[in-house]
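Peer 1: Chains as they are written, first to last, in numbering that gives the first Met the number 0: chain A, 0 to 166; chain Z, 0 to 122.
These aren't lab readings, by the way, just hints derived from the structure by calculation. One thing to keep in mind: the hints can contain errors.
To be verified - In the EDC-like style, the derived pairs of lysine to aspartate or glutamate whose C-alpha atoms are separated by at most 20 Å in a straight line are:
#1 A:K39 / A:E23
#2 A:K61 / Z:E40
#3 A:K39 / Z:E46
#4 A:K13 / Z:E120
#5 A:K93 / A:D14
#6 A:K13 / A:E66
#7 Z:K74 / Z:D17
#8 Z:K74 / A:E23
#9 Z:K74 / A:E66
#10 A:K39 / A:D50
#11 Z:K75 / A:D50
#12 Z:K16 / A:D14
#13 Z:K13 / A:E10
#14 A:K61 / Z:E46
#15 A:K19 / Z:D17
#16 A:K19 / Z:D107
For clarity, every value in this text was computed on a predicted model and none was experimentally measured.
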Amino acid sequence: MSTTPTDDLLERLKDTEYAKLYGEENAKVDFAITLTKARKSLNLTQKSLADKLGISQPYVAKLEGGEANPTLGRIGSLLAAIHLRLVTGTAPLKPEPMPAITGFIPMGAADAVNAGLYLRTRHSQEESSWAFDFPSSVPVNAGTATYPTPVEPRRYSAREAVGGAAI
Amino acid sequence: MWRVDYYTRPNGRKPAKDWIDDQDNSIKPSIDARIEKLRMEELLLIENRMLVPIREKRGTRKIIPGFYELKDRGKKWRIATYHNLKEDIFVLIWGWRRTRASPEREIDKARGLLQEYLSTEGE
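Bound-form chain A, shown alone:
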């Protein structure tokens, strides 16, 4: 029987010790993505973010690459320097199954011959519609998010990232 990477992961997650290791890596990658989202929402480069946080650019790169393993307190302290705070939530560890309608495809994607350009186009569409994440409930598979600290007024309303027409 043909297995996919998701099938293999589901099989490995039956081992509690493996699940713990996976959970640790998953949390680091989740935070890496959250930090990158926060940086890009502030239109900062890694260097300028590093300067604001009082850390080195290589360390920012490590944080965003999921390679570093800062403490929760350290994360809170770093985010506060850019007027953000961390909000955590939980979601099922097991991978989500593919929905019947799979993702979004921008119009004209079938004509794209450069996948890199295609992905960048999708990304710019998503970037223009995404501001801050303000989930009213914990989204499935969401690990962490950032929110402005109380001293910073809310500038954006809740939005969903939309990449194009649903198929």
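Start from chain A and add chain Z according to the hints.
Peer 2: Showing chain Z alone in chain A's frame:
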């Protein structure tokens, strides 16, 4: 959300799956976490440089469209993956550990497997 699957060669082998299965738990959870994130949020992995384009050959700047390295720089592993736009799927082609010695031969192997995949897919 994207589909992610292993490349299956004409002889039935799945080089990327075989490589992943051979790894121990010091890096396998990291591989699984990034593959899962690729499935869920691949664009952000490009921003994080966990997913980077692969060049046509060493020394050139020209990239192979749709061909990427999924990686963990800290744990020093790479998996070559191809984004098949027609099938709307990321195909895991080949994996390797990055050592101090040049990994160019590994990338060459990945390029070769990609050519095989593209020829069998009729692209």
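Peer 1: Now look at each hint and say whether the structure bears it out.
Peer 2: We went through each hint and held it up to the structure:
{"no.": "1", "hint": "A:K39 / A:E23", "result": "violated (25 Å)"}
{"no.": "2", "hint": "A:K61 / Z:E40", "result": "holds (19 Å)"}
{"no.": "3", "hint": "A:K39 / Z:E46", "result": "holds (9 Å)"}
{"no.": "4", "hint": "A:K13 / Z:E120", "result": "violated (34 Å)"}
{"no.": "5", "hint": "A:K93 / A:D14", "result": "holds (12 Å)"}
{"no.": "6", "hint": "A:K13 / A:E66", "result": "violated (25 Å)"}
{"no.": "7", "hint": "Z:K74 / Z:D17", "result": "holds (19 Å)"}
{"no.": "8", "hint": "Z:K74 / A:E23", "result": "holds (14 Å)"}
{"no.": "9", "hint": "Z:K74 / A:E66", "result": "holds (8 Å)"}
{"no.": "10", "hint": "A:K39 / A:D50", "result": "holds (15 Å)"}
{"no.": "11", "hint": "Z:K75 / A:D50", "result": "violated (27 Å)"}
{"no.": "12", "hint": "Z:K16 / A:D14", "result": "holds (19 Å)"}
{"no.": "13", "hint": "Z:K13 / A:E10", "result": "holds (18 Å)"}
{"no.": "14", "hint": "A:K61 / Z:E46", "result": "holds (13 Å)"}
{"no.": "15", "hint": "A:K19 / Z:D17", "result": "violated (23 Å)"}
{"no.": "16", "hint": "A:K19 / Z:D107", "result": "violated (35 Å)"}
The earlier numbered hints that this structure contradicts are 1, 4, 6, 11, 15 and 16.
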